[in-house]
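**Student:** Here is what each chain is made of, one letter per residue.
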Amino acid sequence: MIRERYINAVILALMVIISIAALWMDEPFTITLATKAVILALAAVGLNLALGQGGLVSFGHAAYFGVGGYAMGILASHAQNYTPLMEVPFLIEGTNQMPVIWLVAVVASALLALVIGALSLRTSGVYFIMVTLAFGQMLYYFAISWPAYGGEDGLSIYVRNEFPGLNTLVPIQFFGLCFAVLCVVLFMVHRLNQSPFGLALMGAHQNEERARTVGINVTRLRLVAFVISGAITGLAGALFADLNRFVSPVMFDWHTSGQIMIFIILGGVARLCGPLAGASLYIILEHYLGGLSEYWQIYLGLILLFVVLFAKGGIVGGLARKEVRHG
Amino acid sequence: MSTILLIEQILNGLQFGVMLFLMAAGLTLIFGVMGLINLAHGALYMVGAFAAASMAAWTGSFTLALIAALVAAAMFGALIELTVIRRLYKRDHLDQVLATFALILVFSEATRWVFGSFPLFLDMPDALSGTVMLPGGIEYSKYRLTIIIIGLLVALGLFLLIARTRVGMRIRAGENDREMIGALGVDISILYTMVFALGAALAGLSGALVGAIQSVEVGMGEPVLILAFVVIVIGGIGSIKGALAGAILVGLTDTLGRTLLPVLFSTFMDASAATTIGSALASMLIYILMAGVLIFKPTGLFGSA
Amino acid sequence: MCPETQDRENTMFTTLRWSALGVATAAAMSLAGVAAADGHAKLKVGLITTLTGGGAGIGADIRDGFMLAMKQGGEGIEVVVEDDQRKPDIAVQLADKMIQSEKVDILTGIIWSNLALAVVPSTTAQGKFYLSPNAGPTQLAGRGCHENYFNVAWQNDNLHEAAGAHANTAGFKNAFILAPNYPAGQDALKGFKRMYEGELAGELYTKLGQTDYAAEIAQIRASGADGIFFFLPGGMGISFLKQYADSGIDLPVVGPAFSFDQGILQAVGDAALGVQNTSQWSKDIDNATNKAFVADFAAAYGRLPSLYASQSFDTANLIISAAAKADVKDQDAFRDALRAADFNSTRGDFKFGNNQHPIQDIYVREVIKEGDIFTNKIIGTGLTDHQDVYAADCKL
Chain A
300 MIRERYINAV ILALMVIISI AALWMDEPFT ITLATKAVIL ALAAVGLNLA LGQGGLVSFG
360 HAAYFGVGGY AMGILASHAQ NYTPLMEVPF LIEGTNQMPV IWLVAVVASA LLALVIGALS
420 LRTSGVYFIM VTLAFGQMLY YFAISWPAYG GEDGLSIYVR NEFPGLNTLV PIQFFGLCFA
480 VLCVVLFMVH RLNQSPFGLA LMGAHQNEER ARTVGINVTR LRLVAFVISG AITGLAGALF
540 ADLNRFVSPV MFDWHTSGQI MIFIILGGVA RLCGPLAGAS LYIILEHYLG GLSEYWQIYL
600 GLILLFVVLF AKGGIVGGLA RKEVRHG
Chain B
113 MSTILLIEQI LNGLQFGVML FLMAAGLTLI FGVMGLINLA HGALYMVGAF AAASMAAWTG
173 SFTLALIAAL VAAAMFGALI ELTVIRRLYK RDHLDQVLAT FALILVFSEA TRWVFGSFPL
233 FLDMPDALSG TVMLPGGIEY SKYRLTIIII GLLVALGLFL LIARTRVGMR IRAGENDREM
293 IGALGVDISI LYTMVFALGA ALAGLSGALV GAIQSVEVGM GEPVLILAFV VIVIGGIGSI
353 KGALAGAILV GLTDTLGRTL LPVLFSTFMD ASAATTIGSA LASMLIYILM AGVLIFKPTG
413 LFGSA
Chain C
514 MCPETQDREN TMFTTLRWSA LGVATAAAMS LAGVAAADGH AKLKVGLITT LTGGGAGIGA
574 DIRDGFMLAM KQGGEGIEVV VEDDQRKPDI AVQLADKMIQ SEKVDILTGI IWSNLALAVV
634 PSTTAQGKFY LSPNAGPTQL AGRGCHENYF NVAWQNDNLH EAAGAHANTA GFKNAFILAP
694 NYPAGQDALK GFKRMYEGEL AGELYTKLGQ TDYAAEIAQI RASGADGIFF FLPGGMGISF
754 LKQYADSGID LPVVGPAFSF DQGILQAVGD AALGVQNTSQ WSKDIDNATN KAFVADFAAA
814 YGRLPSLYAS QSFDTANLII SAAAKADVKD QDAFRDALRA ADFNSTRGDF KFGNNQHPIQ
874 DIYVREVIKE GDIFTNKIIG TGLTDHQDVY AADCKL
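Residue numbers (the numbering used here), protein chains in the order written: chain A, 300 to 626; chain B, 113 to 417; chain C, 514 to 909.
Isolated chain A, as found in the complex (with noise of 0.2 Å):
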């Protein structure tokens, strides 16, 4: 039995030192490739948020990261092409500085989490699995048909938004700049967990009665857990348009809501650094399967359905291997 904090610091320690192998024999699209991994992480952090601590299994996260996404693209495209964003009743101009945006990206996607959040709370179970994803396919089809950011084409961004003191183009900098904001989230959400919100958000999820009875505001506790999870998937939303410099529809559809859950099942449910193991094994399972065979998300679909069935708990889970309840 390996204790979850090293193994924490294990998978840590192996992003970095594969980026910097990476760095080091020429091979940026591998930075690259693991950027993107930490920036799913960042994604499944929040959703494991609700899902894992809160039990709050949505599958409508897509909707925040294509919040976030959007919140990138549209201010950067003004930024880029001088226009403002709007004059009535005041002016608000595009920017390309990182921090705004992801301000941006955090309140919008929270305040949409607001919304669906205490709309989808009212149902619990299959209901909400179901309404979360309604509400994920709306907005998909919102963008889509909207045509002022492009509609199914997306919005490119010619170059990455900059983050002061840092070039971002740079493979190895903006992966640093997405590790840091994934550490420093993962620091909070730890903070949060031990936190007697936390706590009681645990609580709730695993005896909602009992929670009622000692005076929680069940419904007001997970809603603000959902508020934060929404938040946090629309930072990496934000980071993820940055990685391409391209935000379209795509990241509003439910396979990526699908997606996202994949990473923490594969990584481990309601476990810190789950999310950052699964989200690494899967684009290493795309990239390399992806090379073998046209026909690789059948070996994806059978190893998934693998984990599931026969190895619950996950990566981290079945190194650390001492149940975490969710249910």
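Keep in mind the hints are simulated off the structure, nothing from the lab. Each hint should be verified, as a subset may be incorrect.
Claimed, not checked - Below, computed lysine to aspartate or glutamate pairings styled on EDC-like, alpha-carbon distance capped at 16 Å:
1. Lys864(C) to Asp874(C)
2. Lys890(C) to Asp809(C)
3. Lys641(C) to Asp862(C)
4. Lys882(C) to Asp797(C)
5. Lys616(C) to Asp325(A)
6. Lys804(C) to Asp849(C)
7. Lys611(A) to Glu287(B)
8. Lys616(C) to Glu326(A)
9. Lys838(C) to Asp862(C)
We have chain A already, so just place chains B and C on it with the hints.
**Tutor:** Just chains B and C now, with coordinates in the frame of chain A:
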């Protein structure tokens, strides 16, 4: 818009709804009896369509094609129930969603591997092609009319099966108390396999019927799957009656929304903008409907808490 | 084409499909097309296309057409093939990989406009060439044109414009037009209206990926239109045509070739017979290159080529012709060689306009049945030496 056109559109909405019902009935039955949420239902729809297209290409008979669709979908349904699905009944919904999502990947790519990437051909039988004149001067497609009738017959059959037969009694008992029925000596695992295969066969039938007027291709099950979920959530998960009501509601809303919204918008805005915005809103309409229903009735129209 | 070869092709279509699939897969997975004998390629091409998910049939045509040309004349050119899964973010990452890790000189292969828009700007910004074998989005044809971006297929509006022109010739006075509600769909209707001179009985946007068109067909029936123009690519078009044929409405239909390519027609069946569609390529264009291409493609892959295959075949031959004249490391010389378009096109005459998009004839074809196979036959010319309207905005 003329009355005749409106009635025709209502018929179209009804036909779309009946089609969705065939999908939704299986989903809701499986959820009601086994408590399982099955994303791979759309894959069984695809299996039905591909089986029908292959059989039709081989024999030229549409009846045989429909039978092939039913048999193939039921067989694959039973196969995945025995190998994968039955391990999921006691799991939480998250595991069920992911395992059946994995099945979608396997089924889609395996189908592509066997049949290639090009769409297959499946045509309706000559006897059902063309139109008939309905009372009131409405010219309507014979095939679509047949789909409406088949769908309603299946709905009736399901009600009778559940209300009148021994199997139906066990299904109802299973819905109410899963442990109890096992204790009574009913071999629950056979019952579960049968229910799953029945649901799969309905999906396969639906795939074959639709395949004749649409494109038989890999991934065809996914849009329908999501719509079927919307249907059962609106109707109340586990309720056949709810699935029928939900299906027809969704069918009508979608069809009428698509035709009426652009017209409505053009009364107060420029025609071309009205088409764009009206169609955009129409594509979101059923999700708005679903959100609306759940706000007022969080367990759907016919669902029990 | 004589009936005999036709029959041979029919049997091949069914029997060779399996082995063709295997060969194609092997070719794609070995990561190498035809490398020079000494193992050192003088030119490396990255081909990113859709090989899984929706539209994988088109991707197979693009890849196979390209590889056929490379097999015939691509000595010393190495080709790397990757699957974009029709996802823009995957396409961008593959482009990054090809440029950063594989160090390719030229990228090509993308089918969809939205993917092209995601990949092309960053490719040209990194000083690589991009040759489009299919998508021709408006944004890249006008002000957004680039000296390293070449389109070997068409600008997106072209085939729709030809359909508009043909609608006039065919005597449409009151047309009903429909397309999916997304940018390419909006452009399609715009392109049609640019050339069409009659009235509109109705204009409809459908949902992207929609499969049931009963409601739209009912509106067409009620509209009093005298002709229909539709742009519904892939499975959408199959569904629409089958349902339209069953509706009992008997109006002439025109559309761009995308709903009538060789891969789709067999799935539509009789419902497509007699429909007129516009295309810059057809398998019966009478020139030696095209005849050889159609025969070789059928022999190699066991199916008839589609217009997508012809476009990627032309793209590959353009690359081969430029590589024979100039070293790709000398970008200016190589660009001039590409601009000269000094290769034998399956379309006959082929030249580039100032924005490096084709100036070409666009034909009107009719769907016919040859033996058991549905295919197209040229019945006229829609537009001659046609250039897109955005070229004027291009500063090149």
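**Student:** Looking back at the numbered hints, which does the structure fail to meet, lowest number first?
**Tutor:** 2, 3, 6, 7, 9
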